[in-house]
Amino acid sequence: MKKFNLSVSALSFLVLLSAACKKTDNPVDPPVVIPPVVVPPVGLSQYMKLEDMASLSGFTVLKDSTWADGSSHTLLLEPALFNGLLILPSFQQKIYHGAIVKINSIGKNIAPELVEQYELNPVSVSSSNYYPGVKNPVIANPSYLGTTTFLQNLLANYSGANQSQSFTFNSFPFTHLNELNIFFGGNVDIAALFHVKTKPAATVAKVRNGLVWKVSQINFSVDMSLHTSSIFKDPANDKLLQNENLSYISSIEYGRMGLLAVQADTTRETLNVIVNRIKTSDPLTEAQLKIVANAEIHTYLNGYSASGIEAVQNAAGLQKIKGFMDLIQNPGTFSVSNYGSPLYYYMRNIVDYGRTLQDGYKVRIDVQREKINSTK
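In mature numbering (1 follows the signal peptide of the UniProt record, and there is no 0), the protein residues as written are -23 to -1, 1 to 353.
Because the hints were derived from the structure by calculation, they are not lab data.
Hints are not guaranteed to be accurate.
What the hints assert, rightly or not - Cut-off 27 Å, straight-line C-alpha distance, at most; resulting in silico cross-link-like pairs (DSS-like, lysine-lysine):
hint, residue 1, residue 2
1, 256, 267
2, 40, 26
3, 267, 216
4, 210, 71
5, 26, 339
Take these sequences, add in the hints, and give me the full structure.
Below, the structure is given as structure tokens:
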């Protein structure tokens, strides 16, 4: 009996020792501690650098002044390559060959400030397109209406298809519609041009990525020949020819221009894929359709048919993008009835014909953007 009890005691000791070893070999894991989510501070980096936008538009930034809100800027720009001054429908009737313009007004406002609409002598011109049978073309009545009459007569002399001079189609990133002032080369009413009905708030919670597609079709240009005698019918106005602060409009380019601005809560790469698929009539996925449905889409069109422009403006979402792409398709030709609108103009100094506007030209542009107050 004593031997049996000893064996049982020894066995019990071994069992307890084995259990203790197992606990030591496999310790219980401590509970996982989840750190709190820290929202990164909101910075101005959500808006794109305006230097990049200016560079894409052909400008060099000479000075960048930041407003008190920290988000808005006033830029002093100089064109790297001078491509002419943009013409908007609101002031295109001021643009005609021989019109006298104050140089010191250029760069402050996109619309030119004419000295006065003096009565001018007929001006000799030349066209970038060759028209058989038209020799020594002359604008008999230098004015907007006189130029329109001249163009209709010029184009009517050619029965074939008129070939466009150039066609460009590019996309550029942006983060606020007012940044597009840089594309226009001056301060314009972006809300009016793009038919934006909602008023901007003082602050925004986030910045949406955006891409703007720009199409420019130059059909032809009309250049004014250097005048060898007075351009004024009244010789008393010849004193203006001695004013170095004046220039005259010497060349005008005609054609079509369109801008499609799309902002959405996605990457620019995704936006580019979606719009390109719409352009080529490829079907979109459900996820892509949802992005388009929630996107902010605006257009600016000039030089296209009135019915085409109205149809795009009245459309929304997918149909707005599709309508824009269908309208801007380049046929490569134009006719007397649809040659477009005046798009760009060039000037020469009224005293020194060799001095063009780009010599020392500067432009001051305001870019007002909302202050970012939260990431939520």
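Evaluated hints:
1. 256 - 267: This hinted pair holds, its Cα atoms lying about 17 Å apart.
2. 40 - 26: The given pair, whose Cα atoms are some 14 Å apart, holds under the 27 Å limit.
3. 267 - 216: 64 Å, violated
4. 210 - 71: OK: residue 210 and residue 71 at ~19 Å, within 27 Å.
5. 26 - 339: Roughly 20 Å between the alpha carbons, so the hint for residue 26 and residue 339 holds.
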